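Q: Assemble the whole structure, with the sequences as input and the hints as a guide.
So you can see what is in the structure, the chains are spelled out below.
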Amino acid sequence: MTTAPGDLTALCAEVRRVASTVVDPEIPVISIADLGILREVVVAGDHVEVRITPTYSGCPAMNMIKSELEQAFATAGLAPVQVRLVLSPAWTTDWITETGRRQLHDYGIAPPAPGGDRTALFGTTTVPCPRCGSTDTTQLAAFGSTACKALWRCATCREPFDYFKCH
Amino acid sequence: MYTGSITVADTPLLRYVLGRADDALVLGHRLSEWCGHGPLLEEDMALSNMALDLIGQARALYTYAGEVEAAGRDEDAYAYLRDVTSYANLLLVEQPNGDFARTIVRQLLFSAFIDPYWRALMASTDPTLAAIAAKAEKESAYHLRHASEWTVRLGDGTAESHARAQRALDELWPFTGELFTMPAGERALIDAGIAIDPETLRAPWRATVTRVVERATLTLPADGWMQRGGREGRHSEHLGHLLSDLQYLQRAFPGATW
Chain L
1 MTTAPGDLTA LCAEVRRVAS TVVDPEIPVI SIADLGILRE VVVAGDHVEV
51 RITPTYSGCP AMNMIKSELE QAFATAGLAP VQVRLVLSPA WTTDWITETG
101 RRQLHDYGIA PPAPGGDRTA LFGTTTVPCP RCGSTDTTQL AAFGSTACKA
151 LWRCATCREP FDYFKCH
Chain S
168 MYTGSITVAD TPLLRYVLGR ADDALVLGHR LSEWCGHGPL LEEDMALSNM
218 ALDLIGQARA LYTYAGEVEA AGRDEDAYAY LRDVTSYANL LLVEQPNGDF
268 ARTIVRQLLF SAFIDPYWRA LMASTDPTLA AIAAKAEKES AYHLRHASEW
318 TVRLGDGTAE SHARAQRALD ELWPFTGELF TMPAGERALI DAGIAIDPET
368 LRAPWRATVT RVVERATLTL PADGWMQRGG REGRHSEHLG HLLSDLQYLQ
418 RAFPGATW
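One line per chain: the protein sequences are L and S, in this order. My numbering numbers the first residue of the first sequence as 1 and each following residue consecutively. My numbering numbers the first residue of the second sequence as 168 and each following residue consecutively.
Think of the hints as simulated: they come from the structure by calculation, not from any bench. Small disclaimer: the values here were computed from a predicted structure and weren't measured. Built from N, CA and C at the ideal position, the CB exists for glycine as well. A couple of the hints might just be wrong.
Restricting the straight-line Cα-Cα distance to at most 20 Å, the calculated cross-link-like pairs of lysine to any residue (SDA-like) are [said to hold, decoys possible]:
| no. | chain 1 | residue 1 | chain 2 | residue 2 |
| --- | --- | --- | --- | --- |
| 1 | L | Lys66 | S | Thr424 |
| 2 | L | Lys66 | L | Trp95 |
| 3 | L | Lys66 | S | Asp241 |
| 4 | L | Lys66 | L | Ala13 |
| 5 | L | Lys66 | S | Glu242 |
| 6 | L | Lys66 | S | Asp243 |
| 7 | L | Lys66 | S | Trp425 |
| 8 | L | Lys66 | L | Arg39 |
Coverage of chain S stretches by chain L, computed from C-beta distances (three or more under 8 Å per stretch; other residues unrestricted) [unchecked claim]:
| no. | region |
| --- | --- |
| 9 | 219-228 |
| 10 | 335-348 |
| 11 | 403-414 |
A: Have a look at this one:
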């Protein structure tokens, strides 16, 4: 069986569309595409491969994302699609799309300051409260509910909130 | 039932990758021992988070070791099925947690070394090591900051916390010389741009540690005789106890999954 180039493009787009329906299990409002961990879809003959990249070294969600991808492809009748983990280039929080940053914010998680360099890691970046927008905020703990988050508090609306750490 | 140990190939690159992985796994395991025992809830979470970072780094490195050795072994085989003499971690990271001050000082001494180490390794000619380093470098930067802040807080705190931090520094200092040692075979990796020379980090490491120790009103110990042997598989008795805890399940129930 030969696949016409047009079919190939369509298949790629379909695989990408299905892959994009998978969301982060810890933050179920953001898709893995907007989180920037869905790297590419490679189709060669009848071999389809989806490449994803880990966020934090110890992120326990990666195993689950891999199995959810496999399940999504099976449900869409696209199996077998191979899901492969690639390390290079390393993911940084700059891979999160504008849509993703908005989704994090609307979910109550302050998105990471752009530019994941060392100044953003430890600089005096102000983190606006995702609830009331106030910049009168302070960090309570550098290590929060998951590996990727820190715990902050807003002095204006008095609410604690998660901050997606720069990485 | 009992699963016997594996013997891994002795090539410079494999040995190097396993050494870095062992450092991360053993220190990660030590920090995980604090889970549920932290002095306060936030610290319980911080230490557990750092353990997660380190064990994650170890997983990536063990997986790469599997590719390098090409003997069909996965990350679990290296972590669970090697005996104590096959482990190549630094003696510093296997030292028991002791009190909170001792854990923090151990974390400071290691992080002040490994953070610039990963940063330099991002330029490795080995793309997998460079990618692992790019991730680990940011994580270790958080660890260094955490350990530095706590060292200052403890050293410049009460008479009791000061005494405990100073005792920890004095007792752990003889394990810092090994940070800069290089096992046989590593020179070739350095010349090939794969690994970096730890000696180049001695001055920056000392500058970081000195700055924190001085702010903490502690006294930097004098450089005396330094312990070594971890990189060559000669460990303190503590590692054997740690591994018996870490490896028990896979040894008793081979291949167990859940």
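Q: If a hint holds in the structure, say so; if it doesn't, say that too.
A: How the hints compare with the structure:
| no. | hint | in the structure |
| --- | --- | --- |
| 1 | Lys66/L x Thr424/S | 17 Å, holds |
| 2 | Lys66/L x Trp95/L | 19 Å, holds |
| 3 | Lys66/L x Asp241/S | 17 Å, holds |
| 4 | Lys66/L x Ala13/L | 19 Å, holds |
| 5 | Lys66/L x Glu242/S | 17 Å, holds |
| 6 | Lys66/L x Asp243/S | 18 Å, holds |
| 7 | Lys66/L x Trp425/S | 17 Å, holds |
| 8 | Lys66/L x Arg39/L | 13 Å, holds |
| 9 | 219-228 | holds (count 8) |
| 10 | 335-348 | violated (count 0) |
| 11 | 403-414 | violated (count 0) |
Checked against the numbered hints above, the structure breaks hints 10 and 11 and satisfies the rest.
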